[in-house]
Each structure stands twice: as structure tokens, then as C-alpha cells.
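Peer 1: In case you want the letters, here they are:
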Amino acid sequence: MEIMQFATYGLINGALYGMVALGLSLAYGIMGYLNVAQGHFIILGSYGTYWLFRLWGFDPFISIPILMVALFVLGAILYVAVYSWLLKFPVIDRLKSSLLISFGLMLVFENIAILLWTADERAVTTSYSGKVIDLYGLRLPYIGLGTIVLAIIVVIALHLFLNKTYFGKAIRATAQDWEASQLMGINVARTYLVSFALSILIAAPAASVISMRVISPGIGVEWSNYGLVLVILAGVGNINAILPAGFFLGLIEAMSVYLVGAPYMGMAGLVVFVLVLLFRPQGLFRGRAGL
Amino acid sequence: MRGDKKRLLIFLFIVAVLAFLPIYIKGDYILNVLFLLFLYIIISQGSNIMVGYAGLLNVGQAAFFGIGALVARLAWIGGTPFYLALLAGGLSSVVLSAFIGIPSLRLRGHYFAIGTLALAIIGRITIGNILPGVSFVPRQYLEGYSLLFRYYLALGLSAAVIVVVDRVFNSRLGLAILSTRDDEDAAQAIGINVFKYKMTAFALSSFVVGLGGGLFAFFYISYYYYVPFALLWSFEPILITFVGGAGTVAGPVLGSIFFVILKEAFTHTLGEISILIFGVVLILVILFLPGGLASIPKKLRWRQVKPVLQKEAEGGDSCSQ
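Chains A and B are the protein sequences, given in the same order. Per the numbering used here, residue 1 is the first one in the first sequence, and the count goes up by one each step. Per the numbering used here, residue 1 is the first one in the second sequence, and the count goes up by one each step.
Some clues are possibly wrong.
Here are the computed lysine-lysine pairs in the DSS-like style, where the Cα-Cα straight-line distance is at most 30 Å [to be verified]:
id	chain 1	residue 1	chain 2	residue 2
1	A	K88	A	K169
2	B	K298	B	K5
3	B	K298	A	K88
4	B	K263	B	K298
5	B	K6	B	K196
6	A	K88	B	K299
A short list of chain A residues far from chain B (calculated; beta carbon distances all over 10 Å) [to be verified]:
id	residue
7	L135
8	P141
9	I232
10	F273
Covered by chain B, per the in silico footprint, the following chain A stretches (three or more residues, Cβ under 8 Å) [claimed, not checked]:
id	region
11	82-94
12	98-105
13	111-125
14	219-231
15	255-269
For the record, the hints were derived by calculation from the structure and aren't laboratory data. Ideal Cβ positions, reconstructed from N, Cα and C, are used throughout, including at glycine.
I would like the entire structure built from these sequences, with the hints used as guidance.
Peer 2: And the structure:
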């Protein structure tokens, strides 16, 4: 029974990892940008949730739509101000340059957050925080269930957007070959702008969930790191496999906590990650390529 | 040839000034800052070898810095003479690079960068768990502790590293490494063993970074064992290299000077803002000055020449450096 409990927590964590990684995978898959500042954008969103809760009593789950709008605007501004300039570099250099740019953004955001809100750890405590449903001895936290449901909703919504809507198809076409897309009459500049903003927007649910755990300015790197690990585990650009990979990573971590102990929790995932990198660099779930 | 001589003279002059500086300066503050500067020059030259010359982004440098510091520290405290301890630190880092490089350098592109990032985090977590305590220098060592000696050691090492990087990348070996960076397929086609040269660059860079780690361990009296494994030791040298100018010998030096001045000048007055400024400068440099600070004089000079010539020079620029 105990192992089931660990597995439950693993799945809950995995759902959160999946939501964190979606934005990274989108930006990477569509534009070839490796945006390691994603974790910092998420933490910024978490601070938004935190203040909405503290000042006006907004429930973290309720504030997700507000957060989505705010993050979309932030993403659009960042794209215009910084990331759009990278398009002039060849595709190979885009990855390296975007990595370095996002290092710079990491420094900027982290220090702004420290200046504004100090380095203290904070968290949103709602009326249902820590409450659990008892299912035949298996403890299912409300927030955890909410996380899994959110993750599934987000993934399905993104899938429908990319596959069923006209604009989503334009994004996929641009990801495959932007020159050809331009010839077909797609406005590539606008598509890039929206997809980058979308990759930040998609962090809103993750930001809301993280605000109920613990937030501090320095924690963004860890989430970016989880995101990176998942992008590789799922296979670069393979958005459909992100959530399964997240569940997989969560379960691996949970089992390592069960068998070895909590201090090495972060490591089990990384060891699996390195093994995947060495032996299956195309990712765990090959499936259909990409978007 | 004349340019070479001029550069050598300037270099020797600066080193001589720095060598005589402690005679005129009272107080330890300046020497401490300069020590930090030398340390940053060493480790950012290490990352320059990788990202500037070999075109490989090693985000896991913290692991190499950390292992160098750890081995050197344990050896030194264990009673080994410091120069052997430093050497052991550098060599342990080379051994680590062989473990990492032999499987991973065969992969292309982003996998190396992300894989080494994972390595750095694994190292940080492992050391934080195995050695959670503080490392102290034993009492009998403290009595003989001399800042001046460490100053000269750091000065000598950083000067040596600069000379080595300059010489290596003007030699056949260096040209081979550059060719793997510029076009891997073309290099392979003309008979260059790409993997071998990438691995050589990786080992050289790791040795330099490991020496830097040893210097860190030899300088600080007490620190948490995990501190040299912190991710900052990965990011800062890369950022310094790019701000200064990747793929040039002068770049990391200029970047380190800029970084250390910013850090020291503003730490007491502005605190976090110094790092914020550095972040903004980095973004601006990447976007608008891809050659880094080191390319400013050349840019100014080329402005006066015909645009056609400029284009040509920029195209062949990376090879003739």
C-alpha cells in the first residue's frame, strides 16, 4: 500500500513536470529556441497568483485565466524586445544564442524578484491545502487531483488547438519549414510571435500549482531543469509525449524516494535522463515525429 | 610577426605591473579582488576553449571546477605539497572529462549542452548529500597562510593559461579544433578525426578549469564542500566569455575584468543590481555585438574601410583569429 501512495505522489509531481515542460517544448519545437528562463517566467506567474490571493483573495485555480492573459502579454513583449532579434542568426546558432539570452534573462528576473519580494520562501495556503480524500487508505490530496486534471485539460486543449484550428495548423507548418510556409501565405513573423507568447502562456496552470507548494526567486532554475529533462525524455519537439514522460519521471522519482530516500530525489530523474541521452537520444517515445 | 611582438610586449608589461603592484599597495582588499579576477580569467579561458574555439557548450563546468577543488583540497589538507595538489585537481578534472566526453561527444548539437547541465546538477546534489559540512584549513596551515603567495600563484597561473591558449590556437592542433567548430563535415572530409580533436579540447579545457578549482581550494580558508559545485560556476564563465568575446584570447580577460569590477564596485552599494546589469549587458552583447567586447576596436577600425572589404573580413574572421 505504501508503494501505491508513493506512486500517487509521483504521478502528481509528474503532471506538474509535464505542464512545466510544455512551454519549453513548444518554443524549442517551433522556433528552435531553448528558453531556460521558462522556470523564471513560471515563478513570476506564481508570484502573480500569490499576490492575487493575498490582496484580493483569488483562489489559485480561479486566477489561472487572469494569469494566462498576463503571461501572454509578457511573452509577446519579451519576444518583440529580445527573442525576435535572434531570428537573424542561422538556425544552428539560434539554440546557443537563445540559451545565452535566457541565461541573461534568468539573472535579470531572479534579481528583480529578489529586489521586489526578497529571497524569502512563500506559499499560498488555501482552505483545502493539505486536505485529502481517503480512498481505501490511499491519500489523494485535493490539490494533487486538481494538478492531474489541469495537466490533462491543458494537454488536450493544446493538442486540439494545434491540430484542429487554422492558426494551430499554421504554427505546425511554420515549425516544419518556415520558408515554405511563407510562400504559402502564412505570416511567419506573427506566427512566431503568437507561438512564443503561447509557450509562456501555457505556464500559467503550472505557475498556479507551484504557488501552492513553495516559491522563492531562486527556485526557477530547478523548474527549468525539470522542463529540459522532460523535453529530452519525450524527444525533442514531441509535444504529445510530454505528459507521459512527465508521469514516467514522476514515478521514477517516487520509486527512488521509496527505495533510497528523499535527499536523492532530484538525482534519480537525472540519472535516467543521462542514460536516455546516451542510448536513446531521440527520446523514449519515438512515435510520430514532432508537432 | 610584428603584431605578435607588440602583443607580447603589452602582455609582459601588464604582467610586470601586476607583479610589482603588491609592493605599492597597502591592505589586502585590492589583492583579494585581483585574485578573484585571475581566478575568473582562468576558468573563463577554460570555457572559452570549449565554446569559443571548439564550439561545444559545456554547461557542466561547475562539476569540473568542483572536482578540481575537492581533490586539490583533500590532497592539500592531507599533507601533499600544494603544487602537487593543484596538479591532482587539474588531472582529476581531465579524468572526469574523459568519462563524460567519450560517450557524449559523439552526439551532435544540443545534446552535449543539456547533458553536461545534468552532470553539473548531479554533482551538486551528490556532494551536498555526501559532504554536507564545511571544509576547514587545519590550524598549522593557517599560520603559514600568505595572501601574497596566493596572489603570485594566481597571477602566474592565469598568465600561463593565457599563453597556452594563445599558442595552442595558433598551432596545427588549434587549427584542427577550429575546423571541427566551423564545419564538422568538411573537417571530416579532409581527414580530421573530429572526435579526437573535440576530446582534446575538452580535456584541455577541463584541465584549466580543474586548476582553477584547485586555486579556489587553496585560497579559501573555509567553505561548504558543495560551494565550488554550485551552478554559478557553470554559468558565470560562459557569460563572461561571451560578453568579452568568445574565440579570442583577449575576450575572457576583458569579460572577467568587466565582471569583477561590476561585482565588486556594486556589491556594497547596489547589491543584486550588479548581476542584473550584467544580465542586461549580456543580452545586448549577444544580440548586437556577437564578437563581444574584444571586437569593439576592430569594428571601429573597419568602419573607415570600404563595406565590401568589411564583409569579406567578417566572413573569414573566425579562422584567422
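Peer 1: It remains to establish, for every hint, whether it holds in the given structure.
Peer 2: Verification of the supplied hints:
Between the alpha carbons of K88(A) and K169(A) the distance comes to roughly 24 Å, so the proposed pair stays at or under 30 Å and holds. Using a Cα cut-off of 30 Å, the hinted pair K298(B) and K5(B) holds, with the two alpha carbons roughly 19 Å apart. With a CA separation close to 22 Å, the supplied pair K298(B) and K88(A) stays within the 30 Å bound. Taken as a hint, the K263(B) and K298(B) pair is honoured in the structure, with Cα atoms around 27 Å apart against an allowance of 30 Å.
Pair hint K6(B) plus K196(B) does not hold up; C-alpha atoms about 34 Å apart against a cutoff of 30 Å. For the given pair, K88(A) sits about 19 Å from K299(B) by alpha-carbon distance, which is consistent with the 30 Å threshold. Non-interface call for L135(A) relative to chain B: holds, since the shortest CB-CB distance, roughly 33 Å, exceeds 10 Å. Every Cβ of chain B is farther than 10 Å from the Cβ of P141(A); the closest lies at roughly 26 Å, confirming the non-interface assignment.
Distance to chain B contradicts I232(A) as a non-interface residue, since its nearest Cβ pair spans about 6 Å, not more than 10 Å. Non-interface call for F273(A) relative to chain B: violated, since the shortest CB-CB distance, roughly 5 Å, does not exceed 10 Å. With 4 residues bearing a CB less than 8 Å from a CB of chain B, the region 82-94 of chain A meets the requirement of three and the coverage assertion stands. For the region 98-105 of chain A, the proposed coverage by chain B is satisfied: 6 residues have a C-beta within less than 8 Å of a C-beta in that chain, meeting the threshold of three.
Coverage of a stretch by a chain is defined here by at least three residues with a beta carbon nearer than 8 Å to that chain's beta carbons; for the region 111-125 of chain A and chain B the count is 4, and the condition holds. Counting residues of the region 219-231 of chain A whose beta carbon lies closer than 8 Å to any beta carbon of chain B gives 4, which reaches the threshold of three, so the coverage claim holds. Evaluation of the coverage hint for the region 255-269 of chain A: fulfilled, as 4 residues show C-beta separations to chain B shorter than 8 Å, against a requirement of three.
Hints 5, 9 and 10 from the list above are not met by this structure, while the remaining hints are.
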